[in-house]
Amino acid sequence: MIQAIKRIIVYIILIISLIILILFFSGYISIYSKENFERSYSQFHSINKKDEYIIAEEVNQVTFNISEYKYILGDFPIGDSEVDLSLVANFKYFINFSELTHELYERTLIINIPKLYLSTPVAINTGSIKQKGERFMLGASPEKLYEKLLSQVSGKLKTIGEAQKNNVRDKAAQSMAENLNDFLSNNNSSGHYDIIKVVFNDDMKDAIRLYEFNNSFCPQKLCKFELEFLDGKTIVIE
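In our numbering, the protein residues as written are 22 to 259.
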């Protein structure tokens, strides 16, 4: 009796194994592992590993002003000059991939970015440069003031770019999350998470940036069966 039960159990196991093999080779069963996810992430990291990976841009029109007064006998004014300079600047922000770390915690992929950098010198649309100068009485030549102001533009743009980092981080984080998710999706590795959390370690606001993605091991419809093992492998029946 016991032997008969054992044979029945063996037959059942064989039948189930055969069904699983048939489904597997028919494409109905898939096996995903976190090792494959790590390989895909490393590939994304390697492809984009360069000095400046641009993840956000801000194009702004800025105006600078400089004025100068001439005096005689200490504080007696004899003239003044003023120059306005306007231009369109393209502020680019980048990260260094070599500094990034990541963690897959439950259904959340956490990306830690130590620092968001401003690309310098800030790019200028030279065709957008406009100047206006005025001179009163014995004031300095507007042309000289313009040259003086022009020599200060690079430093002024850097100051502006650094000051607006906090306003750019949301855009940068979303860009990072979407680019990474697109790559992992194209490599069948996005089913391990539903949320990407992007953390900037240099963010004084300590903002929480979470981006939800409708990821699944069965992108077209709900999986009929999904089982995750302790070793990081997931068996899916579509």
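Keep in mind the hints are simulated off the structure, nothing from the lab. Built from N, CA and C at the ideal position, the CB exists for glycine as well. There's no promise every hint is true.
Simulated crosslink set (DSS-like; lysine-lysine; CA at most 27 Å straight-line) [said to hold, decoys possible]: (1) K179 - K136; (2) K226 - K113; (3) K165 - K151.
Label pairs and their computed distance ranges (CB to CB) [unchecked claim]: (4) S63 - D191: 25 to 35 Å; (5) K153 - M225: 31 to 41 Å; (6) Q173 - N222: 30 to 40 Å; (7) N209 - S175: 38 to 48 Å; (8) S88 - I68: 15 to 25 Å; (9) Q173 - L125: 45 to 55 Å.
Hint check results:
1. K179 - K136: holds (16 Å)
2. K226 - K113: Measuring from Cα to Cα gives roughly 21 Å; hence the hint holds.
3. K165 - K151: The hint holds at about 15 Å.
4. S63 - D191: 25 to 35 Å: holds (27 Å)
5. K153 - M225: 31 to 41 Å: holds (37 Å)
6. Q173 - N222: 30 to 40 Å: holds (32 Å)
7. N209 - S175: 38 to 48 Å: Once the Cβ atoms are compared, 46 Å apart, the range 38 to 48 Å for S175 and N209 holds.
8. S88 - I68: 15 to 25 Å: violated (50 Å)
9. Q173 - L125: 45 to 55 Å: holds (48 Å)
Against the hints set out earlier in the document, a violation occurs for number 8 only.
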